[in-house]
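J.: Line by line, the protein sequences are chains X and B. Per my numbering, the very first residue in the first sequence carries number 19; after that it's consecutive. Per my numbering, the very first residue in the second sequence carries number 120; after that it's consecutive.
Just so you know, the hints here were simulated from the structure itself, not pulled from any lab data. Small disclaimer: the values here were computed from a predicted structure and weren't measured. Among the hints, a few may not be true.
Claimed, not checked - If you anchor each label on the Cβ, the simulated ranges turn out as follows:
| id | chain 1 | residue 1 | chain 2 | residue 2 | range |
| --- | --- | --- | --- | --- | --- |
| 1 | B | A243 | X | P236 | 30 to 40 Å |
| 2 | B | E252 | X | A158 | 51 to 61 Å |
| 3 | X | T292 | B | G133 | 56 to 66 Å |
| 4 | B | A282 | X | V247 | 35 to 45 Å |
| 5 | X | K21 | B | A318 | 50 to 60 Å |
| 6 | X | T292 | B | Q235 | 50 to 60 Å |
What the hints assert, rightly or not - Calculated Cβ distances over 12 Å to all of chain B for the following chain X residues:
| id | residue |
| --- | --- |
| 7 | W26 |
| 8 | A202 |
| 9 | R225 |
| 10 | K272 |
| 11 | L304 |
Unchecked claim - Dumping the calculated DMTMM-like pairs for lysine to aspartate or glutamate here, alpha-carbon to alpha-carbon at most 25 Å:
| id | chain 1 | residue 1 | chain 2 | residue 2 |
| --- | --- | --- | --- | --- |
| 12 | X | K206 | B | E466 |
| 13 | X | K206 | B | E192 |
| 14 | X | K96 | X | E79 |
Every residue, glycine too, gets a C-beta built ideally from N, C-alpha and C.
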Amino acid sequence: MAKNFGKWLISGPPVLYLVVFFVIPTCIMVLASFRYAGEYGGLAPVLLHDASGAHLNLTLESYQEFFSDFIYSWLFIKTLIYALVTTFFCLLMAYPLALLIARSASKYRDLLVLLVILPFWSNFLIRIYAWMILLGPQSAFSAALNGFLGIFGVGPVRLLFTPFAVVLCLIYVQLPFMVLPLYANLEKHDPALLDAAQDLGANGWQRFWRVTFPLSLPGIYAGIALVFVPVLGIFAVPDILGGTRGIMIGNLIKQEFLEARDWPFGSALSIMLTIGAMIIVGGAALVAGRRGKGNV
Amino acid sequence: MALLEIRNIVRRFGDFTAVDGVSMTIEAGEFFTLLGPSGCGKTTLLRMIAGFDSPQSGEMLLDGKDLASIAPEKRPIHTVFQSYALFPHMTVAENIAFPLRMRKAGKDEINERVRQSLEDVRLADRGGRYPGELSGGQRQRVALARALVNRPRLLLLDEPLAALDMKLREQMQLELINLQKEVGITFIYVTHDQTEALALSHRIAVMNGGKVEQLDEPSRIYDSPKNRFVADFIGTCNLIDAEVSVAGEEKMVLRIRGLGEVAARNPGASCGVEGILALRPEKVRIGAQLAPGPDENHFKGRVHDFLYMGDVTVYIVEVGDGVHIEALLPNSAAGRPRILAVGDPVEISWRYDAGTFLDG
Chain X
19 MAKNFGKWLI SGPPVLYLVV FFVIPTCIMV LASFRYAGEY GGLAPVLLHD ASGAHLNLTL
79 ESYQEFFSDF IYSWLFIKTL IYALVTTFFC LLMAYPLALL IARSASKYRD LLVLLVILPF
139 WSNFLIRIYA WMILLGPQSA FSAALNGFLG IFGVGPVRLL FTPFAVVLCL IYVQLPFMVL
199 PLYANLEKHD PALLDAAQDL GANGWQRFWR VTFPLSLPGI YAGIALVFVP VLGIFAVPDI
259 LGGTRGIMIG NLIKQEFLEA RDWPFGSALS IMLTIGAMII VGGAALVAGR RGKGNV
Chain B
120 MALLEIRNIV RRFGDFTAVD GVSMTIEAGE FFTLLGPSGC GKTTLLRMIA GFDSPQSGEM
180 LLDGKDLASI APEKRPIHTV FQSYALFPHM TVAENIAFPL RMRKAGKDEI NERVRQSLED
240 VRLADRGGRY PGELSGGQRQ RVALARALVN RPRLLLLDEP LAALDMKLRE QMQLELINLQ
300 KEVGITFIYV THDQTEALAL SHRIAVMNGG KVEQLDEPSR IYDSPKNRFV ADFIGTCNLI
360 DAEVSVAGEE KMVLRIRGLG EVAARNPGAS CGVEGILALR PEKVRIGAQL APGPDENHFK
420 GRVHDFLYMG DVTVYIVEVG DGVHIEALLP NSAAGRPRIL AVGDPVEISW RYDAGTFLDG
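Bound conformation, chain B alone (with noise of 0.2 Å):
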């Protein structure tokens, strides 16, 4: 059985629809994330299931028990907010306490339970600290250490790593990545960078408008994006219009306008279907001079723009009759890479099922 079943959940205020006939299940154990833009409903829905909110119609099943009866107090699902709302008049030991304390544990439990979670989350020395002491990442750590020591079915976590620093933010990724596996507790996560999904997550579900984009595996989410909004939210992508000139059984041919025809997997469209072609800039290869593989795409153009970003380097190349595409170049040759200079001529090539075509 699912741990928590979300059905046709729809959560209005006034005019506006923050949720809007969400369902999903999430298993036991899983790192689930919830991604989208600001205001795509993630949060809301967070904190529905948190209990500070109620659907207006919808339901929500934990271990199969609705949750609409169980007072938010009640209910065994903790959450680590984005202030992570320490109390600021208690001590980092007496934070920790708190959960143990409102369900009346013994006085020997807390202590011992109070001990090894300063000790999980190495802050062994801070317990007599207060918040007010600590840094950013010592507190998002008592924060995750206050959520967890009462072991609850799930864990809910709103944009924890948003306000600390990026190398922080990195190793506090990797942490919530070893404790998730080390307690076995289901997190649901909630973010709207990209990167930190496809990084801690088992799933993840793309909302936008209030309604689930797509929900599955990262890599999925990256490789196979279901729709344009998909595609365009995570990473960075090609995308251009085109329209199915010839729909095979696994292939296919797009046309598109000022570049004439290019193979792509067939996803089921068939011919005469306008819509895009969806293009991740890692999957073109760029030179001077390309031998083109079979099942290949292959273009001359010449360099409109490009971005060095250190590690990569972003060319925009322009193809056809002002079509551009971005394709990306590690820079990874010993002592220092030659850089093609804008108006170079290059050329590129992808194999046909780098692409994926979307109706829509």
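Just chain X, with the same shape it has in the complex (with noise of 0.2 Å):
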């Protein structure tokens, strides 16, 4: 009893606080899904009082409107590709850095962890504006790359307000929750085991493929977690670098809660957001759970 007591008197808060402000807004925001719009915004009432009495005044009208018009699907796989794409480019930017992190001598790593992470010191926000001065037609970086493509008669491209630049931020905002899973699995890797696959007739790539590679399959996976999830979901960097046709599944969100104020779409929206990251990543667990069955 008393035993109990106190482990609910640890856990308690926390659980509380999870219940309060995660299960009960989920709840309500399936909830606000089937429900009509109100008539200004907001939500029409869940009870609706007449002769016969009270009933309920549910809808499927918001799901019915996702999927009678292709372009909300679209709107779908286009943020599919880009939560995709920006995962590529992260984690083939990632592994090296964090190998390389990994098998510097131990006094620089935690120098080179804070170097990574330091970026999270400024202003979210702040960051991505720097990204659209950088990318802005005046800007050092614009010239110099259309002086470069003028060279092959190529250009001038506008850089700013397209789906690159969308890409081009996400990828440097995510970088860092893509490095720091990998660097925390490779750092864990005995080195004895590169020396071990030498001394048996393994060549720099086979030591990497054969050993490196596999072993670090937990931090890959963590971190493509850390990385596509919220990126299905981020709407700033859209918003400011992505113009029109950057536009992302988040920002469709935010429009239907604050400027269309069809709360119940918006509702819709989220919810077939969060179902369709958890069949992805819950589909990827599966199979990387199955591959990697037995290891240790």
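With the hints in hand, could you dock these two chains into one complex?
T.: This is how it looks when you write it as structure tokens:
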């Protein structure tokens, strides 16, 4: 009895916190997606009273709207592509970086990790606006790029307000989330394993693909989860850098709530996004789990 | 021609000289041991032979070919690591197949060799397990099988038994000797455990401070240590300061302060030289009363202290004026052996050629 009391005393507050600020809001949103929009925004009442008494005022209209126009599905697919491309390039850049940090002398490692997370110390929005300036037509970066492309008779290209700008900034924003789990994994590898592999005849390439890479798979999975899922719902980056062509599903959800004032449809989009992310990540985890079975 | 010839190898790390001009020749089929305390350079030397490290000067020739020009992964040398370094994401069979895959052996050959290897190390039913599911002894055998499956010219073993408990270690020592005999591959074995070195090796190089102190067969290392370090490091040994007072052709007389004159075998020292008398405790006879034989040194003393070890009792006997000599008495008598008590008068004796005079 006393033991249980102590257990609840410690785990109670966080559980309560999650119930109040996560479980209940999620339920409210699920319910909202089945309700009608209010006349002036907001939500229509759940119960309607008329002569025959009170009855539920719920509808599947929001979901029907989603499937009635392909433009919404296309926005989902586009968001998915952005997230995949972002995750792919994050992995491509983060892996060598994490490996470099993990293999450098231990006295420099903490400093290098600090440098990776240093951008977190300045405001997220300010960093995105910095990209706006960097990619703007007047910037030195744009001028240099267009000057280079001009040699081959291409361009000038516009960088700002394009999908390219959005993905470029997403990679920048998400890169540390890929580096950190990879580093945490790679740093724990026993260097004797690489010695053993070399001793048994493996060249550098084989040592990487046969030993380092398979052992780092849990770190890769963690990094993908940390990069891919947040990108699906992000709206600030496409809002600022994407223009009309670079819009993502997060922008539409924001629009439905704040501009169109169609809360049920916004909620339905949110629910669809959550379910979609769960299916993708759950499916990937299942495949990864089956592959990695028996690994220590 | 020697299998491996090591000439004047020097390896420095900053100010510290880990290996200081080591030369040795290792013959094909030999079980060769590098023995020494930690930091003596034995592991550094092993890593240079494997190719994980390179010497600043000197050369190593394998079958007459300079090893410096051969990349570590191309050397016909495999290593058994102290931590075993088994690949945790591969099954036992995949671990053993690794070196075969690296040299692109055919599928049938791989299957056959892996099956044979698993049988050789008595793990035929463990091929599908992961290293994390095996006991320490089993992991050790997988590491051996993996290093041997490619039939290397030379197998390096870096303290391979250090992580095992004593009973298992003794069993694995026997297995190692048999395995080496069976496969006929040259072993270079690194250890700091002198009993292991004596039990396993054809020849031992005793190393200290980056140098080879003595290189010889186990019995010669034990019976005729070349200097104070070897005498002290290998087994236990009475080391008594002495000065040569008479140097004969084969025999010599040593003067020991507080004890008097002692006869010893003359390794070639001349009169007046100072040094030490090295005398193994098990070569000293001890008893309440002893009839001294010919050619024996004989002293009367008292039991200063003793250690009961079960199979033997070690007595520290005080003779003369404060000279302590350790003597070993096997508890071989039937029934409960009578143990001499502290303070009991005893006599000790040893043949003159049991002691070795070491100058310096």
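J.: Each hint should be assessed against the structure and marked as holding or not.
T.: We went through each hint and held it up to the structure:
no.: 1; hint: B:A243 x X:P236: 30 to 40 Å; in the structure: 31 Å, holds
no.: 2; hint: B:E252 x X:A158: 51 to 61 Å; in the structure: 59 Å, holds
no.: 3; hint: X:T292 x B:G133: 56 to 66 Å; in the structure: 58 Å, holds
no.: 4; hint: B:A282 x X:V247: 35 to 45 Å; in the structure: 42 Å, holds
no.: 5; hint: X:K21 x B:A318: 50 to 60 Å; in the structure: 54 Å, holds
no.: 6; hint: X:T292 x B:Q235: 50 to 60 Å; in the structure: 55 Å, holds
no.: 7; hint: W26; in the structure: 36 Å, holds
no.: 8; hint: A202; in the structure: 17 Å, holds
no.: 9; hint: R225; in the structure: 9 Å, violated
no.: 10; hint: K272; in the structure: 44 Å, holds
no.: 11; hint: L304; in the structure: 19 Å, holds
no.: 12; hint: X:K206 x B:E466; in the structure: 61 Å, violated
no.: 13; hint: X:K206 x B:E192; in the structure: 24 Å, holds
no.: 14; hint: X:K96 x X:E79; in the structure: 24 Å, holds
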